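Colleague: Can you make the complete structure from the sequences, with help from the hints?
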Amino acid sequence: MKLTRASYPLMIGVTLYFLIRPTVEQFSKDLEEMLSLPLLIISIVFIIFSLVLAYIDKELFYCVRDERSKKIDRIAAFYSWWFTIFFVIVFGLMSYINNITLIQFVYLITTAMFLSIIIFHMYFNFMGDI
Amino acid sequence: MKEKLTTVLGIGIITLVVFTLAFYAFAKTSVELFDLISIPILIIIILSSSYIVYDKWKNIKAGLPTKDERLKQAAYKAGYYGFISAIWSALGSNWISIILFDQDLRGGLVVAAVVLVSGFVFMISYLFFSRKGN
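Protein chains in written order, with the numbering used here: chain A, 1 to 130; chain B, 131 to 264.
Because the hints were derived from the structure by calculation, they are not lab data. This one's a predicted model, so the numbers in the text were calculated from it and none came from an experiment. Just so it is clear, CB atoms sit at the ideal spot from N, CA and C, and this is done for glycine as well. Misleading hints may appear alongside valid ones.
[To be verified] Looking from chain B toward chain A, a few residues come up when the C-beta cut is under 8 Å (computed):
| hint | residue |
| --- | --- |
| 1 | 205 |
| 2 | 209 |
| 3 | 210 |
| 4 | 217 |
| 5 | 232 |
| 6 | 235 |
| 7 | 238 |
| 8 | 244 |
[To be verified] When the alpha-carbon atoms are kept at most 27 Å apart in a straight line, the in silico DSSO-like pairs for lysine-lysine are as follows:
| hint | chain 1 | residue 1 | chain 2 | residue 2 |
| --- | --- | --- | --- | --- |
| 9 | B | 202 | A | 2 |
| 10 | B | 202 | B | 262 |
| 11 | B | 202 | A | 71 |
| 12 | B | 202 | A | 70 |
| 13 | B | 197 | A | 71 |
| 14 | B | 191 | B | 262 |
| 15 | A | 71 | B | 191 |
| 16 | A | 70 | A | 2 |
| 17 | B | 262 | A | 70 |
| 18 | A | 2 | A | 58 |
| 19 | A | 71 | A | 2 |
| 20 | A | 70 | B | 191 |
| 21 | B | 132 | B | 202 |
Modeller: Structure follows, in structure tokens:
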């Protein structure tokens, strides 16, 4: 899986349904049941949008990685790493105060990591010159 | 001026970490497995960050810039590896604990695992890439 313009919506869709929905489920089953169908519809829309973009960019089966995309990967991961440390410490403190269970904690930090890498990658990719 | 300030800040943070570690080590009455694993990692992180700060200070004294384009690339690459190790340590620390000790980790220990492992990977890879040359 390579992060490109076409794969951003797919990643967001997958993160919404397979990461954010189970994270919500860990905190409230009722809320998860309420959000499940809308999240599924949004995810499907994102995935279709991603497939359309991949078709336009000719990246359905193969995606070329140049020096710039490699550089973006590294810069995005570098900033996400700092954010990850920040989130881990904040959620760690929250887990002491609010009695967050381990599985809730792991879901929270994994969601934060994935969202931060997607957002930073999009930011540096669309910024133009890096 | 900014470079000097960040270097002084770095020295201050390392000193604080060393004092906290010393205080923790002397206050401990019994040694647990977690201490045996975490303290050596923390010492390696302290030593490598001290070396980086010392190197920066040397450059400031010589009137050279503390960071060039190559070091920036080294930091980005090291950050990339740090991020990957953070993901795996967040997921893997609990799996390892279940496999080895048949029990779940506490939230605080997962925090420690993520910070220590990813910090360790970042520091070692930063030193490696900055020393490697090309």
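Colleague: Tell me, in ascending order, the numbers of any earlier hints that this structure violates.
Modeller: Of the numbered hints, 5, 15, 20 do not hold.
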